[in-house]
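*Asks:* Chains as they are written, first to last, in the numbering used here: chain H, -7 to 314; chain U, 68 to 325.
Hints listed in this document are in silico derivations from the structure and should not be mistaken for laboratory results. Don't take each hint at face value.
Here are the computed distance ranges between Cβ atoms for each label pair [said to hold, decoys possible]: (1) 180(H) <-> 91(U): 42 to 50 Å; (2) 299(U) <-> 311(H): 31 to 39 Å; (3) 280(H) <-> 320(U): 24 to 32 Å; (4) 95(U) <-> 213(H): 46 to 54 Å; (5) 311(H) <-> 99(U): 44 to 52 Å; (6) 120(U) <-> 189(H): 28 to 36 Å; (7) 116(H) <-> 295(U): 18 to 26 Å; (8) 21(H) <-> 283(U): 44 to 52 Å; (9) 213(H) <-> 220(U): 34 to 42 Å; (10) 213(H) <-> 284(U): 21 to 29 Å.
A quick note: this is a predicted structure, and the numbers were derived from the prediction, not measured. The beta carbon of each residue, even a glycine, is placed where N, CA and C say it ideally should be.
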Amino acid sequence: MLLVILDHQGDALTEAGREALTFGRTLAGRMGVDVEAAVIGSDASALISEAGQYGAATVHTATHELLTDYGPDAHSSVVEQMIRELEPDAVLACGTERGNEVMAHVAARLDAPFVANCVDVTPGDSWTMTRVQWGGSLLEDCALDADVALLTCGLHAVVAEPGDGQEPDAESFDVALTDADLVTLVRQRVVMEAGVTLPTAPVVCGGGRGVGSAEGFSQLEELATLLGGRVGCSRAVTNLGWRPHSDQVGQTGTRIAPEIYIASGISGAIQHWVGAMASKHILAINTDAEANMVVKADWAVIGDLHEVIPAIIAEVSARRGS
Amino acid sequence: MRILCCVKRVPAPGAKINVTDDGMAVDAAHLGFTTSPHEECAVEGAVQLVEQHGGEVTVLTLGSGEASEQLRYAVSVGAAHGVLVDVGSSDWDPQRTAAALTEAIVALEQEQPFDLILFGNESADSGGFQVGIRVARALGRPVVQGIKGIEVSGDGSAAGTVTARREIDGGFEVYELPRPCVLGVKEGLNLPRYPTMKGRLASKKVEIPEVATSAVAGGQQRVKLHRPEETVSETVILGHGPEAAPAVVDVLAELGVL
Ligand SMILES: Cc1cc2nc3c(=O)[nH]c(=O)nc-3n(C[C@H](O)[C@H](O)[C@H](O)COP(=O)(O)OP(=O)(O)OC[C@H]3O[C@@H](n4cnc5c(N)ncnc54)[C@H](O)[C@@H]3O)c2cc1C
Ligand SMILES: Nc1ncnc2c1ncn2[C@@H]1O[C@H](COP(=O)(O)O)[C@@H](O)[C@H]1O
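Go ahead and model the full structure; you've got the sequences and the hints to work with.
*Replies:* Written out as structure tokens, the structure reads:
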């Protein structure tokens, strides 16, 4: 049996939870076993039904007064207990921050290997898998030797799709938590930002070292505001202290997916590119026609961004005015 | 406060990452090397805590002898000691890496435990998302990942707590851990400083002791590295300089973002 650990919010699966089940269906097919799912912290019937639509034959729900909020020790303890009791051949979660964190704890508890962010898994006598390295710039094929395969699938490695959609069996799973499992429960939750954020902005105006100064970003701010978007930047800019790290796009920053990414004065290093490549369209503005960002973009303007951006702002304003 | 940071030496590729002919490593023949970015912030965070509360920072790495370069860099920005587990390569599997680091930490803690141990959330190259968690569990200490804010209670030593902030969609979560504890931190925790002249001198003089390891291979082994398939698109040049603005705005209008 393949046990899929589901990510959920309220009484619905998150997109990551749906992806894990979609990925899990293919994997279970290759293994020749059923998909069962685990929901930690809720037994909402809508959630159970949705897991069924996405292919879970059985849904195990673990509820407990101390499982209402997240904690890596508490959640991994539940998964460990499920592994001991349900004896799955493999356990899969989605490679979100939490998914990877919980599975790493489970692996450490069992002293077993854990393969993070797989994009393809071939079960067999010896399992092989392809996983993401360098935030997506490189892939690694590896072999796994384990009693139970502990895996996460890379976020967006598959597009979530419902399966045959049967109402699953619901089983409630009794959990026992120790004091040690409670040390890392979330103490407080603070909500900060409302409105358009960098990961969800329809337009991102990114600036790199070519912008030249912190002040230079005022033109990018103006254009982003005009287009209802947000400013992004490269790591070179963050390291120079011109913009906060929350604006950084890339492997160690934010992954963006706007309708259009306007990348100005950015060379397009691979670590920046992996954060930008989910953009539906890319327009590069650069003095260097050979820059990687230009070569990989859909459109480019060759020139000094300090001349090109004000001209774009003027043109947008002129067309809106008329 | 005694703080330990575990850092990894990684190549610093540019436009793309090349792989060696046997597929077993990144071809770093023409590349510089750096410390994994999350861990650079771990070192900076540790140095700042010590500046506030007193104490000292130790950095530990597992890799080849060349990785002492990254330890020396950490000393140049304020760490006091660097310790190397020289295994000839930093490509050990995560279980083995964690076992070797745990062994080294136990040896370094013979007299006194570290009040806080910092890891990166994930290493820049292999990104296994697990070495810090494995070490923490082996040491029997609480650990939380994804940390972008750290505060310690009291003077930082002995009993007390660490309050850690983790960024989530549209806000953050707060954790409170008893010391000693372990955190996996992310870039954005702070803005790492550049070395001072005094720091550079100290980094040249510092002794880098080596510790041995008996860790054995884990259950995950590399078969080969390869690049993902790329879709090559033809770039349409809309023009040169400000004259291209109308063509740019046509594109924006076409995409419906105007
Ligand atoms: C492990 C690791 C992780 C990393 N993670 C990230 C990450 O998350 N995000 C990230 O961005 N980087 C990351 N980097 C850094 C990355 O490798 C590059 O160093 C960085 O992206 C370069 O930033 P840049 O393009 O702004 O600067 P540069 O590479 O210096 O490029 C500047 C560009 O501006 C152009 N230019 C100059 N003047 C003008 C002008 N007046 N008008 C128009 N164009 C002009 C130049 O032609 C050039 O193309 C990481 C590196 C490592 C090793
Ligand atoms: N070879 C190594 N030497 C020292 N620390 C390491 C090494 N490999 C991993 N780490 C630490 O463990 C963290 C998580 O690594 P990983 O599990 O590979 O993503 C990294 O950010 C480092 O802090």
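*Asks:* For every hint, state whether the structure bears it out.
*Replies:* Results for each hint:
| no. | hint | in the structure |
| --- | --- | --- |
| 1 | 180(H) <-> 91(U): 42 to 50 Å | holds (45 Å) |
| 2 | 299(U) <-> 311(H): 31 to 39 Å | holds (33 Å) |
| 3 | 280(H) <-> 320(U): 24 to 32 Å | holds (27 Å) |
| 4 | 95(U) <-> 213(H): 46 to 54 Å | violated (38 Å) |
| 5 | 311(H) <-> 99(U): 44 to 52 Å | holds (46 Å) |
| 6 | 120(U) <-> 189(H): 28 to 36 Å | holds (34 Å) |
| 7 | 116(H) <-> 295(U): 18 to 26 Å | holds (23 Å) |
| 8 | 21(H) <-> 283(U): 44 to 52 Å | violated (35 Å) |
| 9 | 213(H) <-> 220(U): 34 to 42 Å | holds (39 Å) |
| 10 | 213(H) <-> 284(U): 21 to 29 Å | violated (52 Å) |
In summary, the structure is inconsistent with hints 4, 8 and 10 from the numbered list given earlier, while agreeing with the others.
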